[in-house]
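Enquirer: Sequence:
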Amino acid sequence: MRKSSLWAVAALSLTLALTGCKKEAAVDSSKYVELGQYKGVEVTLISADVTENDIASTIDGTLQAKATYEKVDRAAVAGDLINIDVTGSVDGKINDGFTSNGFDLYSGYDNYIMAGFEQNLYGLKAGAETVFDVVVPEGFSTASLIGKTVTFTVKVNSVSSLKTPELTEENVKELTGYASIDEYKAALEEQLAVTKAAAVETTKRSDAWKAATDNATVLSYPEGSVEEKMTSVENQFAVYAQLNNQTVDEYLQAQIGTTLQEYAENMVKQELVLAAIEAEENIKLTSAEYDEKLPEYATRYKYDSVEEFETKFGKETIEKSMLWEKIQQFVADQAVVVE
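This note's numbering numbers the first residue of the sequence shown as 6 and each following residue consecutively.
Hints are supplied without guarantee of correctness; some may be wrong.
As the list claims (entries may be wrong) - Derived CB-CB ranges, DEER-like:
1. 36 / 306: 32 to 38 Å
2. 207 / 259: 24 to 30 Å
3. 304 / 71: 23 to 29 Å
4. 170 / 247: 35 to 41 Å
5. 146 / 80: 28 to 34 Å
6. 142 / 185: 47 to 53 Å
7. 194 / 95: 52 to 58 Å
8. 223 / 107: 56 to 62 Å
9. 319 / 166: 29 to 35 Å
10. 36 / 148: 45 to 51 Å
11. 95 / 312: 51 to 57 Å
12. 145 / 169: 31 to 37 Å
13. 185 / 54: 20 to 26 Å
14. 312 / 80: 57 to 63 Å
Claimed, not checked - Here are the simulated SDA-like cross-link-like pairs (lysine to any residue), alpha carbons at most 25 Å apart as the crow flies:
15. 168 / 82
16. 168 / 181
17. 307 / 208
18. 289 / 302
19. 209 / 53
20. 325 / 190
21. 44 / 339
22. 215 / 342
23. 201 / 48
24. 178 / 195
25. 331 / 222
26. 44 / 289
27. 215 / 236
28. 298 / 204
29. 289 / 222
30. 71 / 184
31. 325 / 297
32. 71 / 270
33. 289 / 33
34. 209 / 270
35. 307 / 328
36. 331 / 288
37. 130 / 111
38. 76 / 125
39. 178 / 33
40. 201 / 59
The set of hints was computed from the structure by calculation and includes no laboratory data. Each residue gets a CB set at the ideal place from its N, CA and C atoms; glycine is no exception.
Could you put the whole structure together from the sequences, leaning on the hints where they help?
Expert: Rendered as structure tokens:
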């Protein structure tokens with residue numbers, strides 16, 4: 006992900022941004038930010054045209070999703086499903102974490118046990134046994150094992166190859182529910198047109214908002230705002246960072262190319278710009294708009310009812326999210342599309 010994607014990620018987190026945060030006092034944004042150009046900013050849009058490649062790629066994805074593994078009588082290669090019995094020993098003692106019977110290894114991803122493990126299975130057929138050593142690499146989840154040599158004893162129980170179906174007139178209904186390939190492609194073209202149109206609008210809104218925020222100048226940050234946002238972001242990404250054996254700062258730098266503080270400052274800046282445009286343009290959210298959008302929001306965030314959604318986040322938080330979205334849409338509507 007490029008560093009510029011920080012803007013898209015941070016803008017996304019503005020939706021329901023106050024979730025889990027204490028109620029904030031009103032801030033006079035004029036003391037903290039100076040607006041630049043936000044009306045008539047230039048944006049370049051992606052094409053909304055549906056191409057043959059788009060349709061072909063979608064069909065390919067559908068067929069890949071329906072692929073199945075079938076046992077084969079040959080040596081294993083990358084991409085096969087290899088069922089194994091494996092025992093791993095460290096310093097002459099069996100380690101339960103490296104030991105399993107009937108383990109299904111979906112090869113070709115090199116994400117099982119440790120890097121280099123599955124390569125030792127390629128070239129082996131069902132019934133074959135092998136013994137090999139792998140050194141536990143840096144970054145392994147159990148720090149005490151890093152640098153240790155693990156001796157693996159493996160028996161290959163079966164080798165299965167991934168079989169992807171071909172789309173034919175005979176199986177199109179079974180695979181897709183459509184009566185013919187032409188009917189299926191026509192339906193895909195309509196669906197993709199809707200999806201790409203939505204993507205174009207999302208890109209326009211994101212790019213216009215980035216330009217408007219880039220054009221603004223932060224004079225200073227409200228006291229404690231960046232620190233509070235850093236705490237919120239740490240809580241948001243803590244689990245993902247932990248799964249990658251990283252701090253939140255390390256995780257953000259690896260995934261987005263920015264530090265935790267930069268990310269938090271970016272979010273606060275966006276909030277200040279939103280408040281400044283709200284005041285400058287006197288943009289308000291009406292009760293009718295709230296009632297109209299509430300079901301859409303509940304569906305977007307996968308809640309079964311508007312009552313459950315409103316109870317979870319609170320009306321004030323949802324209203325602010327809707328208002329911020331309205332402001333961002335205002336900026337997008339004013340944008341000038343260039344080739």
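Enquirer: Taking the hints in turn, state whether each one holds.
Expert: These are the hints, each one checked on the structure:
1. 36 / 306: 32 to 38 Å: Holds, at about 33 Å.
2. 207 / 259: 24 to 30 Å: 25 Å, holds
3. 304 / 71: 23 to 29 Å: Holds - the Cβ-Cβ distance for residue 304 and residue 71, about 28 Å, lies within 23 to 29 Å.
4. 170 / 247: 35 to 41 Å: 39 Å, holds
5. 146 / 80: 28 to 34 Å: Once the Cβ atoms are compared, 31 Å apart, the range 28 to 34 Å for residue 80 and residue 146 holds.
6. 142 / 185: 47 to 53 Å: Given a distance of about 52 Å, which is inside 47 to 53 Å, the answer is holds.
7. 194 / 95: 52 to 58 Å: 56 Å, holds
8. 223 / 107: 56 to 62 Å: For residue 107 against residue 223, whose Cβ atoms are near 58 Å apart, the range 56 to 62 Å holds.
9. 319 / 166: 29 to 35 Å: Cβ of residue 319 to Cβ of residue 166: about 53 Å, so the range 29 to 35 Å is violated.
10. 36 / 148: 45 to 51 Å: 48 Å, holds
11. 95 / 312: 51 to 57 Å: Holds, since residue 95 and residue 312 (Cβ atoms, about 55 Å apart) stay within the stated range.
12. 145 / 169: 31 to 37 Å: At roughly 34 Å between Cβ atoms, residue 169 and residue 145 fall inside 31 to 37 Å, so the hint holds.
13. 185 / 54: 20 to 26 Å: At 24 Å between Cβs, range holds.
14. 312 / 80: 57 to 63 Å: 59 Å, holds
15. 168 / 82: Answer holds: residue 168 to residue 82 is near 14 Å, not above 25 Å.
16. 168 / 181: Distance ~17 Å between residue 168 and residue 181 Cα, so the pair holds.
17. 307 / 208: Holds - the C-alpha atoms of residue 208 and residue 307 are around 23 Å apart, at most 25 Å.
18. 289 / 302: Since the Cα atoms of residue 289 and residue 302 sit roughly 18 Å apart, the hinted pair holds (cutoff 25 Å).
19. 209 / 53: Distance ~12 Å between residue 209 and residue 53 Cα, so the pair holds.
20. 325 / 190: The hint is violated at about 42 Å.
21. 44 / 339: 5 Å, holds
22. 215 / 342: Answer holds: residue 215 to residue 342 is near 14 Å, not above 25 Å.
23. 201 / 48: Judged against 25 Å, a Cα distance of about 17 Å means the pair holds.
24. 178 / 195: 18 Å, holds
25. 331 / 222: Distance of about 22 Å is within 25 Å: holds.
26. 44 / 289: Holds - the C-alpha atoms of residue 289 and residue 44 are around 18 Å apart, at most 25 Å.
27. 215 / 236: 24 Å, holds
28. 298 / 204: 20 Å, holds
29. 289 / 222: The given pair, whose Cα atoms are some 24 Å apart, holds under the 25 Å limit.
30. 71 / 184: 18 Å, holds
31. 325 / 297: The hint holds at about 15 Å.
32. 71 / 270: Given pair residue 71, residue 270 is violated - Cα atoms ~45 Å apart, limit 25 Å.
33. 289 / 33: 17 Å, holds
34. 209 / 270: 23 Å, holds
35. 307 / 328: 20 Å, holds
36. 331 / 288: The given pair, whose Cα atoms are some 8 Å apart, holds under the 25 Å limit.
37. 130 / 111: Holds, because 15 Å separates the two Cα atoms, which is no more than 25 Å.
38. 76 / 125: Roughly 20 Å between the alpha carbons, so the hint for residue 76 and residue 125 holds.
39. 178 / 33: 61 Å, violated
40. 201 / 59: Measuring from Cα to Cα gives roughly 10 Å; hence the hint holds.
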